[in-house]
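Participant: Take a look at the letters that make up each chain.
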Amino acid sequence: MDVTFIILSLITVVGAIWAVTLRNLIHGVLSLVLFFFGVAGFFFYLNADFVGWVQILVYVGAVAILAIFAIMLTHNLTAKDEPGFFSLRWLTGMAIAAAVGAVLWFAIKNNAAMLQTAPAGVTSSVADIGRKMMTDWVVPFEVVSLLLTAAMIGAIVIAMEQISHRK
Amino acid sequence: MDENSHILSWLTFTPLIGAIVIALLPKRNESAARGVALFASVLALLEALSLWWRFDGAYAGLQFVEQTPWIAAIRVDYFVGVDGLSILMVLLTALLTPVALLASSPIRKHLRAYYALMLALQTGLFGVFTALNFFHWFIFWEAGLIPMFFIIKLWGGDGTERAALKFFLYTLVGSVALLLVFQAIYLATGTWDFIMLRDLAAGGGLAPKLAAMLQQAGIAITPERAGMLLFFGAFLGFAIKAPVWPFHTWLPDAYTQAPTAGTIMLAGVLSKMGVYGFLRILLPIFPHEIAACATPLSWLAMLTIVLGAFAAIAQLDLKRMIAYASMNHVGYCLLGIVAVAHAAGGASAHADWVNEKACALNGAIFQMFNHGITVAALFMMLGFLEERTGRRGLEDFGGLRAVAPVFAALFGISAMASIGLPGLNGFIGEFMIFKGAWPVITPFAAVSLIGLVATAIYLLNFIQRVFAGPLNERWAKFPDLSRRELLATVPLVALMFFAGVCPAPFINLTNTAAMKLVMLFQPAVQAVSRVTGM
Amino acid sequence: MNPATHIPWIASYLWLIPLLPFAAAGVSALLPQRCRKTSAGLAIGVIVVSTLLSFCALAESILHGLEPHAGRTWSAMQTHEVWHSLIEFTWFNYGTTSLKLGFVLDPLTAAMATMVSLVSALIFIYSLGYMSRDKNFTRFFTFLSLFAGAMLGLVVTNNLLLFFICWELVGLASYLLIGFWYHRPSAAAAAKKAFIVTKIGDTGFFAGLLWLYHATGTLQFYTPDHTGALEQVTALAGLPGIMGLSLAGTIALLIFCGAVGKSGQWPLHVWLPDAMEGPTPVSALIHAATMVAAGVFLVARTYPLFQASPQVLTLVAWIGAFTAIMAATIAVAQNDIKRILAYSTVSQLGYMVMGLGVGGMAAAMFHLLMHGFFKALLFLGAGSVIHGCHNEQDIFKMGGVKKHMPITFWTYFVGTLALAGIFPLAGFWSKDEVLTAAFRWGGGLHKGPFVLGCLGVFLTAFYMWRQVCLVFLGEYRGGKARAGHKHVGQEEAETHHETAPGVPHESPAVMTVPLIILAVFSAFMGFSGLPEHANFIHHFLNPEHAPHVVNWFVIGTASALAFAGLGAGHLLYGVKPLAPDEPDPLKAKLGKLRDFLRDKWYCDELYEATVVRFVRIAAVVVDLGDRLLDGVTVGLGLLARGVSFFNFKFDEQAINCGFDGGCGSVRVIGRCFAALQDGRVQSYLRLVAVTAAILAFWFFLK
Amino acid sequence: MTTLAHFQLLASMLFAVGLFGAVTRRNAIVVLLSIEIMFNAANLSLVAFWRYGPHPEQLSGVVFAIFGITIAAAEAAVGLALVIVIYRYYKSIEVDKMRSLKG
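Chains as they are written, first to last, in numbering that gives the first Met the number 0: chain A, 0 to 166; chain B, 0 to 533; chain C, 0 to 701; chain D, 0 to 102.
Be aware that a few hints might be false.
Claimed, not checked - Distance condition first, Cα-Cα at most 20 Å in a straight line; then the derived DMTMM-like pairs of lysine to aspartate or glutamate: (1) Lys99(C) - Asp224(C); (2) Lys99(C) - Asp479(B); (3) Lys402(C) - Glu505(C); (4) Lys134(C) - Asp479(B).
Said to hold, decoys possible - Every beta carbon over 12 Å from chain C, so not counted as near; a handful from chain B, in silico: (5) Leu42; (6) Val64; (7) Thr188; (8) Pro222; (9) Ile312; (10) Trp352; (11) Gly389; (12) Arg400; (13) Glu429; (14) Thr454; (15) Leu494; (16) Asn510.
To be verified - Examples of chain B residues toward chain C, derived with CB under 8 Å: (17) Ser174; (18) Ala176; (19) Ala313; (20) Asp316; (21) Ala401; (22) Pro421; (23) Phe497.
Calculated from the structure, these hints are not laboratory results.
Don't be surprised by glycine CBs; every beta carbon is placed ideally from N, CA and C.
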């Protein structure tokens, strides 16, 4: 366990926890950005540079901005009447999360393969990824492209129909 | 030719600068937007005219070329130039934008946004007609789409939601198809450059590369099929834009619902983007594929002409009628283009196929220009009609010639140009197209002639119902054209006469480029008659 | 053009003949309405200059045409060929070649140009009087000039494309002039009908033109090096066309379609009678003397193509003969003075087309030229009568006009006899030529056109004399003031409130002088085509095929039938003049047949029920198909919404209602589960997470 | 040395945090963002498996991660558009108030 891992873990975990708990939504999103950067850091750390860049571009560049827009558009800067920490709602949530986490923990702990260390010389160049995408993975690739297109159109259509209703 | 003048870049971005200036105008100064827009578009017109003046029609290659690396990683160059295929389109864009701006007086809300979008649209159009690298060509192609979408949606008529959405979705499908096709081409060849791709395709090297690329991806495909697949994708993109039957159903709604200036730009220039795609991309880059598909394409061209004309007869809404008329006329361009691609056969005393095809292609290009002028004038005057009366039904008028003789005369001339009356511009293009297409695809050309008669039926019906007959008392105070409206209309009508009587200056611009394109389809003859300075 | 060859000066300036009227039209189109005198003066001045130039051309071509090999030949002409002189120029270049246009001076051109410009000039002058009160007077002369320019253009051109261009412009001028009183719905409809019906024929012409252009590589009729379109007919005759015809025949057939449309031949004759909605000078100029003859001229011009295909010539002959007899029978039963003349025109054009079909090109052209004069005369006379009778067009409401309008009567009388073919007036000679050609055409069935033609002569004489009797003889039947003039247009009514209503009056000199000049021509021009020896016209127009024999049988039969026709007309209408409101005696004689003829053989109704309906239905079907297509695309998007709606309805109606009543116990259990299913997303999510955790534990422990 | 288990444990922890947010918070935007956290956790896990796996040259994990990111982006776009629409309709984006799923 080296220092980088520890620092990155702290960043991500803290970012994630802030993101889901902070009342001020803008602050929440900013913590989320921190979290995204942390995950991107992990990707770099794991020699998956390309995924890291994509992570930054898509999440920090698009999703986070989109979220801020959504917050602005819905005039919801702070989450009002959110129940307190010791409310039943929060406790239930924590219990469920803990249960799921425990299951995963249990699964990982009981697997010897998890203890191996990282082999050297594992890289992922953009060219290799591109080649894989266009050969072995070309069908899922096209399906995902279609999905993305459909989602774009869908998002526009959904937002637009409402405009017409308003008129 | 001064290579370093950057005239094309200046031309392309002049309107954009205008748009930015408008966007920076203070809100209380909205009315200045109109002046700025007009100024910018007239400036662009002057630049286009100077381009025309300096353009050498006898030179077959590209002129005013600017090429600088832009995104080196994926080999994207900023590469622009004009040749005979595009010069008329650049002129048309430059000419129609100020006209459309003059016809924009009914616009009352969001003036700044409106004029900025119109100018952005013009930049997009200039870009499409000058770009020679797919990458930024596509950016301009899309950049033309978006302002149009907003113009239809925000300033259009009552049914704009549906019209704008349909326009957007249809053209989006076309754009996605194009994008996929060019990505595949880039992956296979490593270039976005139209000119390099043309040379590659002419040597027969494109389809095998595509097939190899797909095979590497685990898709077993023959080169013929690979080429065909991509051809269909690109064809879809242009067929929707033109539009070609049966990809046209966005057209009547979009043309009808758009504000007058929007319709002028849509019918006058945007529809030419599709046809231009045939000229710039389908013919040069997919010569074998388009030749193999020539017969089905002839069917589509014929159906576009005939069904468009008949659909126009049935319309009771004048704008819809002219919308279908526009589709009908774009069909003629397609007929000429298909004739070029069709493998000529049959016996003839003068088997001079190159000249026949060059005639068809020149005719098609000239028809694009002519149709832009004519349909712009028609839609503009329909706009004046609607602006004055709020109506556009076939039966809502009657006898307007008595109160608005100048209006009636100018409309009549434009309608006659659309019918293809000799002496006006429409005839030359149609004659050349039919002259070239007749020997190559005789049956299709013969059936398409029905379109000429049907055009006369609906347009004369229009004139009879709207301008002749007893005056509808409701419009007894119908004003004749104002000075501003005359300023917008008369130049177009004058151009109709000029192009109809002296077509030579226009055809001289396009002829060498057209010959060069035709030669791609006549390799046997190329060796013999190498006269056009390739 | 070989620079060494001498071109007569008039051939070099031939283009001025059409261009001057075009220029006048352009200038006067830009003039404001108030410049009435300028516009009229310009139009008339220019047409007079064109006329003079045409006369020069005629003189020049007579000089050379009659002696084709007398030293001064212009190009290397074969002896049997007609003399011609050519000018050509390039319109534009395409590919490696160019599109050339040109003008030709030959006898055909010269004769036609002279007739057209002369008749036009007279009609222009007449219009000064006829249209004097019209508020669109300026425009009228603009359109007239446009028409004259286009018509003269097609006469002098040496190029089928330029011919087509002028041909279409002639059609445009005709459209504008028929619809001149645009506020009348009938005029607007007639104009549209004329344009579209002729356009149908023109489409065939256009196709023929395209084909000829491709097949010969040029559209020049003649070129200095003998590679013109008409000089390659031999090659074309050897190539296959469609329907078993040779290529030459196919092209000829397509070109003939244009002639059928423009010259009002069956089955495209329906527009011509309706075109009488235009002002009368227009009817005279366009729909009698010149434009409708353009179709005949077209066939004459491209005659070599027709000669190469006997089948097409046969078709031409029969169509002409049928049209001649059909229109003549219709004319018998009409009451409107202009419509009678219109059907007479259709009938006479039938004669010309028949003449072309039977091989008598010169005869047909001769008849065309003569017909131009006397039919213009008749129309202008009719106009004068209408003018004098206060816009009455129904011949049963006229009568006795001879007393009031002597000049009109006598000129009209000359015209009538000329049309009927009475010796020695123009019509006699020309009709005789056509009939002789038909007689010589062949035996058996090929005598058909001749027989029909002879029958037509009888009918022509009959209906013309019926008209003369009803209009000019007897007593005036229209004296009573009529409340509603059904044919009266506002402008036409405005033209004569200077005289008291009730009594016909003679027209002013500006109208009668052209009548007199035309009458003189109608009377004496026929002598240019005397048979026997020195048949000038024949030698002039077509030296190759000049018949030199007088056929006394034909002359005798035709003359006898013409006199019989006049006699029959006189018996019915002349002996006992009709009283006012007395019905047409023909009604008793012909019964139902008369109704059939009066209703024009129900041609309009037939077309209305077939072609027009077809176009309408096709348009509606296409439109519906389009909406359907649109529906499919939009519907794909709406499909999902539709399915869910159906599903919703199904749930609502079938499931809920059906089960609600009897399922009380199920409801109780349902309520328990319903509590779980509270509609909150997060509840579901919790449930999913807990279940997944439990399942996973169970899985691990197992 | 960092083993695969470290990464997987971290990923499961992040997943749990995301799940907590998703089931607890009322604000629809936060719920969506929590789901993004879960996506990220899964992606991290995939990449780690790739890095430590027996066939790194196959690049499966990386490709999967990229697909995951794509889908997450699509989801975010549609989801946030929905949030806006829902806000206009209910004038609120509290998930508790949306109960149209109730049968």
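Participant: Taking the hints in turn, state whether each one holds.
Facilitator: For each hint, the structure was consulted:
With a CA separation close to 14 Å, the supplied pair Lys99(C) and Asp224(C) stays within the 20 Å bound. With a CA separation close to 41 Å, the supplied pair Lys99(C) and Asp479(B) exceeds the 20 Å bound. Among the hinted pairs, Lys402(C) with Glu505(C) is consistent with the structure: their alpha-carbon atoms are about 10 Å apart, no more than 20 Å. Of the supplied pair hints, the one linking Lys134(C) and Asp479(B) holds, its CA atoms being roughly 18 Å apart against a limit of 20 Å.
Against the 12 Å criterion, Leu42(B) stays outside the reach of chain C, whose nearest CB is about 31 Å from its own CB. The claim that Val64(B) is not at the interface with chain C holds, since no C-beta of that chain comes within 12 Å of its own (minimum 26 Å). Separation of Thr188(B) from chain C is adequate, the least Cβ-Cβ distance of about 32 Å exceeding the 12 Å criterion. Remark: the non-interface label on Pro222(B) is consistent with the geometry, its nearest Cβ contact in chain C lying 32 Å away (cut-off 12 Å).
Against the 12 Å criterion, Ile312(B) falls within the reach of chain C, whose nearest CB is about 4 Å from its own CB. Residue-level check failed: Trp352(B) sits 10 Å from the nearest beta carbon of chain C, not beyond 12 Å. Here Gly389(B) stays apart from chain C, with its beta-carbon at least about 24 Å from theirs, past the 12 Å limit. Residue placement check: Arg400(B) does not keep its beta carbon more than 12 Å from all beta carbons of chain C (closest about 6 Å).
With a cut of 12 Å on Cβ distances, Glu429(B) falls inside the contact zone with chain C, its closest approach being about 9 Å. Once the 12 Å rule is applied to beta carbons, Thr454(B) is inconsistent with being away from chain C; the minimum gap is 9 Å. The Cβ of Leu494(B) lies farther than 12 Å from every Cβ of chain C, with a closest approach of about 16 Å, so its non-interface assignment holds. The Cβ of Asn510(B) sits about 6 Å from the closest Cβ of chain C, inside the 12 Å cut-off, so the non-interface label is violated.
Because the closest C-beta pair between Ser174(B) and chain C is about 17 Å apart, greater than 8 Å, the hint is violated. For the restraint placing Ala176(B) at the interface with chain C, the shortest Cβ-Cβ distance is roughly 15 Å, beyond the 8 Å limit, so the hint is violated. Using the Cβ-Cβ criterion of 8 Å, the hint placing Ala313(B) at the interface with chain C is satisfied: the shortest such distance is roughly 4 Å. For Asp316(B), the suggested interface contact is broken, since its CB lies about 11 Å from the closest CB of chain C, more than 8 Å.
The interface hint given for Ala401(B) holds, since its Cβ lies 6 Å from the closest Cβ of chain C, which is under the 8 Å cut-off. With a cut of 8 Å, the hint placing Pro421(B) at the interface with chain C holds, because the nearest CB-to-CB distance is about 4 Å. A cut of 8 Å between beta carbons decides the hint on Phe497(B): the least distance to chain C is about 13 Å, and the hint is violated.
Violated hints for the displayed structure, listed by number in ascending order: 2, 9, 10, 12, 13, 14, 16, 17, 18, 20, 23.
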